[in-house]
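Colleague: Once you've looked at the hints, dock chain B against the given chain A.
Next come the chains, spelled out residue by residue.
Protein chains: 2
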Amino acid sequence: MAREQLTQLRKQMKQYGIDAYLIVSDDFHASEYVGDYFKCREYISGFDGSAGTLVITALEAGLWTDGRYFLQAEEQLKGSGITLYRSGEPGVLRIPQFLQKVLQKGQCLGYDGRTISVTYATQLKEALREKEIRFEENMDLVGMIWKDRPEMSAEPVWLLADCYAGKSRREKLMEVRRQMKQQGADVFLLSSLDDIAWLYNIRGNDIAYNPVVLSYSLIYGDRAVLYVNPVCITDVVREALEADGIEICPYLQVYRDVRRLNREMNLWLDEGTINVALRGAVPPGVRLINRRNLTTEQKAVKNPVEMDHVREAHRKDAIAVIKLIYWLKQNYGKRQITELEICEQLEVFRCQGTHYLGQSFAPIAASGAHGAIVHYEPTKESSIPVVDNNFVLLDTGGQYLEGTTDITRTIACGSLSPQQKQHYTAVLRGNLNLAAAHFKYGCTGANFDYLARAPLWELGLDYLHGTGHGVGYLLNVHEGPNAFRLKEAGDRVGTVFEEGMITSDEPGLYLAGQYGIRLENLLLCKKAEKTEYGQFMEFETLTLVPFDRDAIVPEQLSDRERKLLNDYHKRVYETISPYLDAEVAEWLREETGAI
Amino acid sequence: MAREQLTQLRKQMKQYGIDAYLIVSDDFHASEYVGDYFKCREYISGFDGSAGTLVITALEAGLWTDGRYFLQAEEQLKGSGITLYRSGEPGVLRIPQFLQKVLQKGQCLGYDGRTISVTYATQLKEALREKEIRFEENMDLVGMIWKDRPEMSAEPVWLLADCYAGKSRREKLMEVRRQMKQQGADVFLLSSLDDIAWLYNIRGNDIAYNPVVLSYSLIYGDRAVLYVNPVCITDVVREALEADGIEICPYLQVYRDVRRLNREMNLWLDEGTINVALRGAVPPGVRLINRRNLTTEQKAVKNPVEMDHVREAHRKDAIAVIKLIYWLKQNYGKRQITELEICEQLEVFRCQGTHYLGQSFAPIAASGAHGAIVHYEPTKESSIPVVDNNFVLLDTGGQYLEGTTDITRTIACGSLSPQQKQHYTAVLRGNLNLAAAHFKYGCTGANFDYLARAPLWELGLDYLHGTGHGVGYLLNVHEGPNAFRLKEAGDRVGTVFEEGMITSDEPGLYLAGQYGIRLENLLLCKKAEKTEYGQFMEFETLTLVPFDRDAIVPEQLSDRERKLLNDYHKRVYETISPYLDAEVAEWLREETGAI
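Residue numbers (my numbering), protein chains in the order written: chain A, 11 to 605; chain B, 11 to 605.
One chain only, chain A, in its complex shape (with noise of 0.2 Å):
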């Protein structure tokens, strides 16, 4: 027995003569997280995890995942006729291995193009090239039997004023064609949507936490259009694009605009960030410049008025995250606090900021072993008091009219073991030598991933993720291409740090079933000294939160890393005291005195 949804699409399937159908968890920008109206997965599976790809053939459903959602999914498919693939476990096969088994020579593959990356239906048509499987991409069988399928959120853009910006969309555009020329470009296609909010200064709110539109841009020597639901474009919004010469049209005219492009026009697109049907529209005579989109480094780099600003949002953010703390200390052991009590508590104190638009990410707050979850979410189901004697790790961020904050504070609640003071003390060391960092320009990500590890590694321990990701400005929370990584891979592959770049500090320890430590500041890079050896750079770190007293070893720390802290410290108490109430600034006084 299967369940319903999945007769329905076998039904189409066969109508359309599909043998195999594909279904991924992206949008049509492969953006972080997808609004209802793209969560045709869970339509048809009944798992809504956040990651997970289906795989449908007349005799066999299968879903794949990660780790995190093995009991999850397991729960849900229960019935549905879907088998479980646990992706990276010991002996199951992968997707396109999985294909390559079932599918007979010269039947066919469908799928969604508009949801698919180029990079993965390069990788599917290589695994099933011998087969000579027949590719339908653009294939929406789900939209055919959805009959209450969410509306495509449309909600209104606005524009981003100038003296938030820092630079006119006009100034902007002018940049962007002049690369153009530069490169030989006649049009440049856009489909990343950080990158066109940035370009044309306007925000929306269509994806969770990142203030984009739902968009798609072209961008000619002499016009530019933006492509976009015309409801959510009010008319003085539509008026200031137009007196900037951007022209708006509907959202899915674009794969119409692209697949009538002039065959002797030379197009600019990002393979890396396009989608496989927007690909696939691109007339065969037109030439391809296929490069990182020219608007993803000047994004990262941000300019004058943005730097000021993003100071004032991590002062903000600051206040807000000390009285969180500050609460959480008085609070603990006189009641029960939970991991959501702590996430809606610290929403009240940003929401006391001005300019607050919201956070920039899905909370994390995580008590005790939940801490050594790196993907944890607390959730009503398995949000937990806060463990005594343990680690609250408390990862979240805003956006402010000033720009993206992201934080991790790792809060000590009742008294610490020898090793668990060991550890944060080692994440500590790390993320102070890591932003004391002092370069000659020409430095790559790869350069300082060692500073933060060092201390743990001195233990034999690590972690097992990045040790930090670029950050937008009134955008993405996770930006390229700047970044912190022990190996540089696909578009961060030498990526120089550029004074304006923003970029997390953010090591990490996690032992599972006992606590995780993370402890994150945002750094922004400046330019320091210019002697005849070069120019030479640093960061600043952006972010103006005490880390745990109670957590650190003052021992265990170098006379420099000692001053390193002690100097932040210092920097933090100046800094954000002014702006608390008497109470929390004594408190701040203490925290952040030298040791």
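Please keep in mind that the hints were generated in silico from the structure rather than gathered at the bench.
Do not take every clue at face value.
Heads up, the list lumps identical chains together, so a pair's fine if it works in one copy or across two of them.
Simulated pairs of lysine to any residue, SDA-like, Cα-Cα distance not exceeding 20 Å [as the list claims (entries may be wrong)]: (1) Lys497 to Glu508; (2) Lys540 to Leu474; (3) Lys450 to Arg495; (4) Lys21 to Glu52; (5) Lys339 to Asp591; (6) Lys497 to Phe546; (7) Lys431 to Pro293; (8) Lys182 to Tyr366; (9) Lys111 to Gly27; (10) Lys536 to Asp472; (11) Lys390 to Val594; (12) Lys450 to Asp472; (13) Lys537 to Asp472; (14) Lys540 to Asp472; (15) Lys450 to Leu474; (16) Lys182 to Ala250; (17) Lys450 to His475; (18) Lys88 to Pro395; (19) Lys497 to Tyr543; (20) Lys111 to Asp558; (21) Lys191 to Asn300; (22) Lys157 to Leu16.
Modeller: This is chain B only, laid out in the frame that chain A set:
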């Protein structure tokens, strides 16, 4: 009026229809040093620097060289009819652009392709494509006119015993064939001399400082051919090689044999190491597997026998260098000592050790301002006495049956200024911190470079060379693919540090007109502890010679750095003092006492 040799060459060019002729400084294997036979550029131009390229047309003749040789070339080219092009100076045409300018459409460029890398030939071809230039790649025009041309080096080949090599040539060949099979290669073409010497456990003396043999090799599934001048091969060597299935053929016969390769074969070669004539000899039908020589990685990872021997080589080398430093410190101020005398005296001390086979590169003893010239080598003309109140930079190395050494010490003579000491201390800190890296398996050179540079960068200083290079075992002192570099390039990208790799750790500082400092130890990569987080790695410092206390400011070392220095010095004393005279041992005891 042109040099007679130039006039003759032009006659040949005319006879063979060559409009421009190119002469580089390389032998057929891109060796670091070239024998007299290969010095065609010197023969034609009279310029005898180590780097320079000559381009000749009917009307023009130009020599390109770099800043090291501007003065010398100017002098030596006087009256030759050859124009000096100062490479790297603003406005100076590069050779491909020069050829673009002087050649007419459809004309012919000639060179001896055996001396030209595939990469360089590709550059030339791309630059001259639009001019439809014809390439004559097998034209040794200089050979035709050079009557008293020296013979090609033909030194005897000797066998490195398995007890030194640690692995028999039979085993190495088996491993090569296993990998060939895995990659589907029918035949493997080797032309890098150190790879050949490593594979067959042979050594020779055809290249200065590199104990290698002018040779090529083709390895098939069932046979292997070593192409070498037969006069170099004694009966003993021939029998040993033939017993392991290795045939001897004349050196240049490889070009014929490559030309006759079966067109259905899969040929493994590394275009990064073969010359364009050899590449051009490959028949069109042959399928190429263009990958790094599979011997390169194996050669870089020293086996346990090699590792043990190398420790022994460094012990012997340390005895010699310590004696030299003692000798210099004792004699300084009593009589004049020149740079050349220092080199000669060190050679005397090295020769006192067993199994010493000679220097591993041209020694550098650079006094005072000479130390700031990174490529300085003292000659009879340039050698100066030790400068008072300054440094002597001593960068030398030896070849032993037990391996290859490379060490730089910078020795204080007289009393130093606070700035000199500060600079020495900063370089020392970088050296110590890199050597103390403790890291999880998987790191590459780019992850560590910062450690060596940070103390200099703190002061706005830097050195404009890499931090370290791989080192062979009784082979080339510069060996890939391991290295410490800020940016990995070419073959080095992604090279993970493996147990058994030997890499130099040599930060420096160079103040033009004042002094140079470089401190170089060789580091052996080794496994450290294995934890649930993975395999950890560390470096063992092979070099065992004290740093100069007269140049160190203890207060500028962190506690950790001080401990690293004291521990190192203790190990130096304990390991080396038993081999020294009482007087020198006593001096060493003082030099290595804790600070």
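Colleague: Please flag the earlier hints that this structure goes against, numbers listed from lowest up.
Modeller: 7, 8, 11, 18 and 20
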